[in-house]
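Protein sequence lines correspond, in order, to chains A and B. With our numbering, you'll find the first sequence wraps up at 330, consecutive numbering, no jumps. With our numbering, you'll find the second sequence wraps up at 330, consecutive numbering, no jumps.
Treat the hints as calculated values from the structure; they're not laboratory data. A hint or two may mislead.
Same chains, same names: a pair is fine if it fits in one copy or spans any two.
Unchecked claim - Derived lysine to aspartate or glutamate pairs resembling EDC-like cross-links, with alpha carbons at most 16 Å apart: (1) Lys37 - Glu157; (2) Lys160 - Glu147; (3) Lys195 - Asp323; (4) Lys330 - Glu228; (5) Lys196 - Asp167; (6) Lys28 - Glu168; (7) Lys28 - Glu276; (8) Lys284 - Asp323; (9) Lys7 - Glu163; (10) Lys18 - Asp94; (11) Lys231 - Asp40; (12) Lys301 - Asp40; (13) Lys4 - Glu33; (14) Lys301 - Glu124; (15) Lys160 - Glu33; (16) Lys160 - Asp107; (17) Lys312 - Glu294; (18) Lys60 - Glu136; (19) Lys18 - Glu294; (20) Lys227 - Glu163; (21) Lys259 - Asp107; (22) Lys60 - Asp290; (23) Lys104 - Glu280; (24) Lys31 - Glu147.
2 protein chains.
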Amino acid sequence: MRNKEKKYAKLYERERNKINEKLFNALKNRKPESLYKPSDYILSNSGKRLRPILVLFSAKATGGNFKSVYNAALSVEMLHNFTLIHDDIMDNADLRRGKKTLHKLYDLNTAILAGDSLLSIAYEYLLKDCKINAREAVSAFTQGLIEVCEGQSLDTEFEKRFEVSLDEYLVMIRKKTAALAMMCCKLGAILSNAKKSDVEALANYGLNLGIAFQIQDDLLDIMGDEKEIGKTVGGDLIVGKKTFLFIKAFEKAKGTYKKDLLKMIKNKGISPDKVEYFKEMFIKLGVIDDAKYEIKNYTDKALKSISSLTNKDEIGFFIWLADSLIERNK
Amino acid sequence: MRNKEKKYAKLYERERNKINEKLFNALKNRKPESLYKPSDYILSNSGKRLRPILVLFSAKATGGNFKSVYNAALSVEMLHNFTLIHDDIMDNADLRRGKKTLHKLYDLNTAILAGDSLLSIAYEYLLKDCKINAREAVSAFTQGLIEVCEGQSLDTEFEKRFEVSLDEYLVMIRKKTAALAMMCCKLGAILSNAKKSDVEALANYGLNLGIAFQIQDDLLDIMGDEKEIGKTVGGDLIVGKKTFLFIKAFEKAKGTYKKDLLKMIKNKGISPDKVEYFKEMFIKLGVIDDAKYEIKNYTDKALKSISSLTNKDEIGFFIWLADSLIERNK
């Protein structure tokens, strides 16, 4: 197993590098420069490229090959980066992965238009690989886009609202994060003309992996290491985000804890020096364990779904990927 | 001919009303309301609906029927309105057709996301009518979107630049305005499985009509009637836009006229009380006639292109449409 893990990690890294290279070149010769240079700056970041990887391996797992879906793989990363550009404007964020956000480096108008344009190029790239099942593939892509917008809208709505239930939170991350991972898996399968049950198996894998991924993100925000996660520990609490941990804590807390959580809502955040106190509170209330339980729960669902894939030889990578995402520290 | 004109005008109005009704209902039951209500407000305006009309009649002219392309017709209007929402943010506009712009009625974040989401729904509607030629249809739609973004970027770039040549201006309006009209004609034809020469004939009709339409818009801005055009006469000059008229005048002017045009560039606009003076200048320099000549020129190109359509019975509407756009006063 140890050797297999190494093989998968190497394979991921090799494909990640290829994706990076292709992304770095995707907009190089397009004109006008005033439009494409800002998008190029965003595409040249050093992300995990998890979404394109899902497209590639879903295609391979259902009888296709990497080569015939590289453009589709790029398209989902472009779509993802379009959401990052516009989300950063809405969050008024200064930095992303230690680099200036687009609207800070240029200006608001440039960032809005760069986002729009990146989405248009995403569709162009997707279409390059739509030799078969074009309508189905574009439809899956579009459905993913619609859900991301709806998820972002709910996220904004929740920030303004006083209380948010766990169910509402789950609907939101399902749309904002998981729908895109699901779409990537579906897309790879559709473009390989996979049979329906395999498309479903991969889609549910992506969906549940996406939910686990987001709860893990919420967890890392408070339990992670500042250097590893590349941002301030407790950042979600500081800006008053109602994460899985916060909502769970709010359900369970009584007395002083409840009062302090209420205060966070009222003040729309806490001061950085309170982060350590909230971390202790979360541990004592058992919500760190709750989060770990749910991450395990959704990962298990993902693994159960992928186990029904027709081609059993291809399941290994998806298991390894799910495991390594659970164990990630950034 | 008089009777035929009436028939076409009636047909346009009938279809425009149908499009309006469908647009008013398109987002009614979608959730979350926080996302779709703002877009619904924008779709419920009272535009010309020229773009969906082009889709419908291009489909009919190439062997299709209205019924099978209504969703595609709605999709181009949604795409158009997505551009209006984001353009209004970039122009910091308070009003559109006498109604508050979206970012003024709500806020910046709501407007950005409503625009993004409307574009996603546009693709969804387009796909509903992609029973054949899906890849080709989505590709034409996407190409239109890409060009609109590039045109908007050039427009912004030209605002910051000192001098813009007429050729550069023509490239810009070709992308920003005409590419979308061209796409609408292409789309209707592609979805009706039209033969290549008919797709081309309609595409060139749309392209040239679009260019004529934009120059006409530039002309109406200064020669139109305030009540008819629904905005301040000379608005383009007041905000310092380098329109067809301005660029032509700058080419021709000498002496005081040249100095005053230079001043407009330097000050990025003129005060409203100078509009009448600039109007006189434009008349004296002959650039009003130049604009009229070019409108006629591009309209003639559009008519020449449509004359090669296989089904001669269907040409009448397109001729009437081009004529009525030339003669429009708003």
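### Task
Using 16 Å as the alpha carbon limit, work out where Lys28 and Glu276 are close: within a copy, between copies, both or neither.
neither (45 Å within a copy, 46 Å between copies)
### Query
What label fits Lys37 with Glu157 when the C-alpha limit is 16 Å: within, between, both, or neither?
The answer is between: 13 Å across copies meets 16 Å, while 33 Å in one copy does not.
#### Entry: Within, between, both or neither: Lys18, Glu294 at alpha-carbon 16 Å
Classified as neither: same-chain Cα gap 33 Å, cross-chain 49 Å, threshold 16 Å.
### Task
Give the relationship of Lys312 and Glu294 under a CA distance limit of 16 Å: within one copy only, between copies only, both, or neither.
Neither, since 26 Å and 66 Å both go past 16 Å.
### Message
At most 16 Å between CA atoms: does that hold for Lys284 and Asp323 within a copy, between copies, both, or neither?
### Response
Cα proximity of Lys284 and Asp323: none, with 27 Å in one copy and 76 Å across.
### Task
If the cutoff is 16 Å on CA atoms, where do Lys160 and Asp107 land: within, between, both or neither? Let me know, please.
Only across copies: Lys160 and Asp107 sit 14 Å apart there, 26 Å inside one copy, limit 16 Å.
### Query
Given identical chains, is Lys301 near Asp40, meaning Cα to Cα at most 16 Å, within a copy, between copies, both, or neither?
neither (37 Å within a copy, 38 Å between copies)
### Message
Cα distance capped at 16 Å. Does Lys196 pair with Asp167 within a copy, between copies, both, or neither?
### Response
So Lys196 and Asp167 fail the 16 Å test inside a copy (29 Å) and across (52 Å) alike.
### Task
Tell me, please, which holds for Lys160 and Glu33 at an alpha-carbon limit of 16 Å: within, between, both or neither?
The answer is between: 14 Å across copies meets 16 Å, while 38 Å in one copy does not.
### Message
I want to check one pair: Lys195 and Asp323. Are their C-alpha atoms no more than 16 Å apart within a copy, between two copies, both, or neither?
### Response
Neither, since 26 Å and 53 Å both go past 16 Å.
### Task
With 16 Å as the alpha-carbon cut-off, assign the pair Lys227 and Glu163 to within, between, both or neither.
neither (32 Å within a copy, 49 Å between copies)
### Query
When no copy is specified for Lys60 and Glu136, does a C-alpha distance of 16 Å or less occur within a copy, between copies, both, or neither?
neither (18 Å within a copy, 26 Å between copies)
Figure legend: structure checked against the earlier numbered hints; hints not met, in rising order: 2, 3, 5, 6, 7, 8, 9, 10, 11, 12, 13, 14, 17, 18, 19, 20, 21, 22, 23.
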